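One letter stands for each residue in the lines below.
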Amino acid sequence: MTRILCVAEKPAIAKAVAQHLSGGAFQTNNITGNRYVKNYSFDFNFGSTWGHCNVTMTSVLGHLTELEFAREYKSWLSCPPGALFEAPVHEAVSSDKTAIARNIQQQARQSQALFIWTDCDREGEHIGTEIRKQAKEGNARILVKRARFSNTERAHVLNAARSLMELDDLQANAVAARIELDLRIGAAFTRLLTLQLKPLSSALEDTIVSYGSCQFPTLGFVVDRYLRVKNFKPETFWGIKVMLQREGIKVNFLWKRVHLFDRAVVTIMLERCLLAKLARVTKVNQKPTSKWRPLPLTTVDLQMMGSRFLRMDSQTIMKVAEALYTKGFISYPRTETDQFDKAIDLKKLVEKQFPDQNWGQYARDLLDGGFRTPRAGRHNDQAHPPIHPVCWVSPSALSADEKKVYEFVVRRFLACCSEDAKGQSTEIEIEYGNETFHAKGLLVLERNYLDVYVYDKWESSQQLPNFQLGEQFEPTEAKIFDGKTTAPNYLTEPELIALMDANGIGTDATMAEHIAKIKDRHYVAVNTRGGGRNAVKELIPTQLGIALVEGYDNVFAGMPNNPSLSKPFLRKEMETRMREICAGSRVRQEVVQESLDMYREYFVHTNRRISALKDAIRKYLPN
Amino acid sequence: MTTPQSQIAAQLHTTKALPVSPTWLNSFVSSTTALQRNVPISALTQTALFRILASDIRDSLHTNNPSALLPADIVDPSVQERRLPGPVPVQVLDIEDIGTSLWSQVEAIERVERGEAIRGREIVRAVNVGGGGGGGEEDEEAEGGGNPGPAASENESHGPHRLIVQDAAGTRAVAVELKRVQGISVAKLAIGAKLVIRNATVARGMILLAPDCMTLLGGKIESMDHAWKEGRKARLLARITEMPGGDQSG
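Protein chains in written order, with full-length UniProt numbering: chain A, 1 to 623; chain B, 1 to 250.
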């Protein structure tokens, strides 16, 4: 019988896949030297080419290898930090992963083929090449295939096992390029900063002043907002308010200009309204309106909505979602896709939610005629469907956090499959003097998806009395009001994620890590504004965080194209190049060289103007 | 027999409502005809118009027709309403966006200084930065007329705008853009630009501008415009600190 080696990215996935392929009948063997990784053996029929096979399913624990500098460059004082842009690097199995690598080599020796079951994303593709390398060392002639799957639901896994494909080396190359750039650029700048800045303040004694090409722009966003809040100057504005009492209802008309910052002008405008005496109705617009159901769920959306509605930070949400995926309850939580493939049986997924106490009835109603094909967004990463529940799970089987995230994913999915909420909007526009005012009313007629998607709010407003087009009336009251502009709020995590997403900082998979990193490094602190249900967590930079951004901005002040490392531009260019590698339009070596040349130039510049950074540190971190 | 001077003066008067000063016109004609002969009058008129738009109208227009001037007491706030039949040619001395807070105007200027523009949530690097100092004109040209390009919306002031205008005799008045007028914006309207006001309402000393009571001729007075742009941020900041309670930070 043909012997096949299968390798997954994590032990839990290996076990889940083994369970499905074997139908539950598998043998578990420990491997020497690692407590977490197990080998599961069983028989399985892979279909046409492979037929009935003897299978060993095992896993790695994420990346097997690390990129590192040659020994003579490892110590911090071994070389000038700038030398790290060229220093030789090599890939080596991480010291804590040697047992796993050995296991793969041994298993490969007895196998005709290797099937890779790493997660289907860029990192997974790269981990796949690391596994392939170890397997080939054990057995140079081993055949290599890849299983493409996006959740661990049984039918999906069986299908993936019978339609194997090739590893995507382009994606793996993009990751390899990113790893090399992050290592060289990160190490060079971190050593420079730490060595130069540490002696300046006792507050830096036990810290590493790290630099990361994503970390810094992320910090930049936080500092930027902080400075906007801090520098803000309130100003007075004035506006005109018109009120009409009719049919026992006080109708407030809002000024089309909202408000202006010149009192004299507003006074004259009001006087001209009063001179005109009568207001004339210029628009009566009554039309059906709807509030659209949400788009299918992506990772970025999960993180943003999650931190807004579930009160969890994005990193926790991703960890929980990862656990739910590993246990087979939801699909792969790292995806950019916001459109469902036509092939996926959505009704079946809805049906799986029938047993639930809270939304089971809603799911049943959907299949009794309420079901609508979800809206399709514009993104498709061609790897994973939008995040959706794979099966129903009893709340008692979940932790408190898991329950929240699972509930959100299910409600979102059911909302996607529902009808938009329907209502009727009324808009009245009047002309009074030279000014235009309007009043709006909303009547919600059918709540539809809102019944299950409790996170969206859409409520009927006060109802407007009747108005006829062209009719004239004398307003009950018209007067000036004033107010003051208020400072923006400090940045919240969902806003930060949105900014990172829009500016191409990190991928949906890594954003949460970058945010966690700048918290870990004490560049930003988390502060809670408000209390109770309205509490909002805000990100506020520390003195060190502000000093670094200001220092860098000063280092690069006056250079063309504003290349400050606290701005998103450089990193964005790098992400674009990664995508070009994936698409096959650029090759890895060329991209690495080009990016290194660019960053080396900025490194030299930073080194030359290091005094600007030192000044900033001295300014904010007095000794 | 009609002189070139009188022909040009008549044309500019009928087509643009500009009463050109004879002294200015004489020196213009003598300086140009000395260089180019046999130039058709229409082309010469165009050149004259172009020069007037770039000039200070206190030099280039004459002041002997009171209906082409602002009333001397125009700023009187006790007059609730009066009509200004005109046509009165004026030049712009100041423009201000009163629909936007001073502080957000300062922030917008600083973004441009840093070479950034904002497109939705995305911060984009503005093109053509770091070239010559202060000259925003090229960018405007590139954005062309009316295409709602991303950077344009950021640099466009929302209005309404409050202008200070001046007539040929030097009388100043405040004008407010009561209805949106194409071409009036902080980025597009230069200091020294000319406009002709006719049949406008003046309320409490302010001229109320709308598309149907003015014609925008354009132009600018280079030196004034340059100084105005250079000093704009400092003026905005000064006004912020002057505001009651403006010195308390936070």
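What the hints contain is simulated information worked out from the structure, not anything from laboratory work. Fair warning: this is a prediction, and the values are worked out from it, not measured in the lab. Treat the hints with care, since some could be wrong.
Computed, partial: chain B to chain A, Cβ under 10 Å [to be verified]:
#  : residue
1  : 81
2  : 99
3  : 101
4  : 107
5  : 162
6  : 179
7  : 181
8  : 203
9  : 208
10 : 213
11 : 243
Ideal Cβ positions, reconstructed from N, Cα and C, are used throughout, including at glycine.
Hints, one by one, checked against the model:
no., hint, result
1, 81, "holds, 8 Å"
2, 99, "holds, 6 Å"
3, 101, "holds, 5 Å"
4, 107, "holds, 7 Å"
5, 162, "holds, 6 Å"
6, 179, "holds, 7 Å"
7, 181, "violated, 14 Å"
8, 203, "holds, 5 Å"
9, 208, "holds, 7 Å"
10, 213, "violated, 12 Å"
11, 243, "holds, 7 Å"
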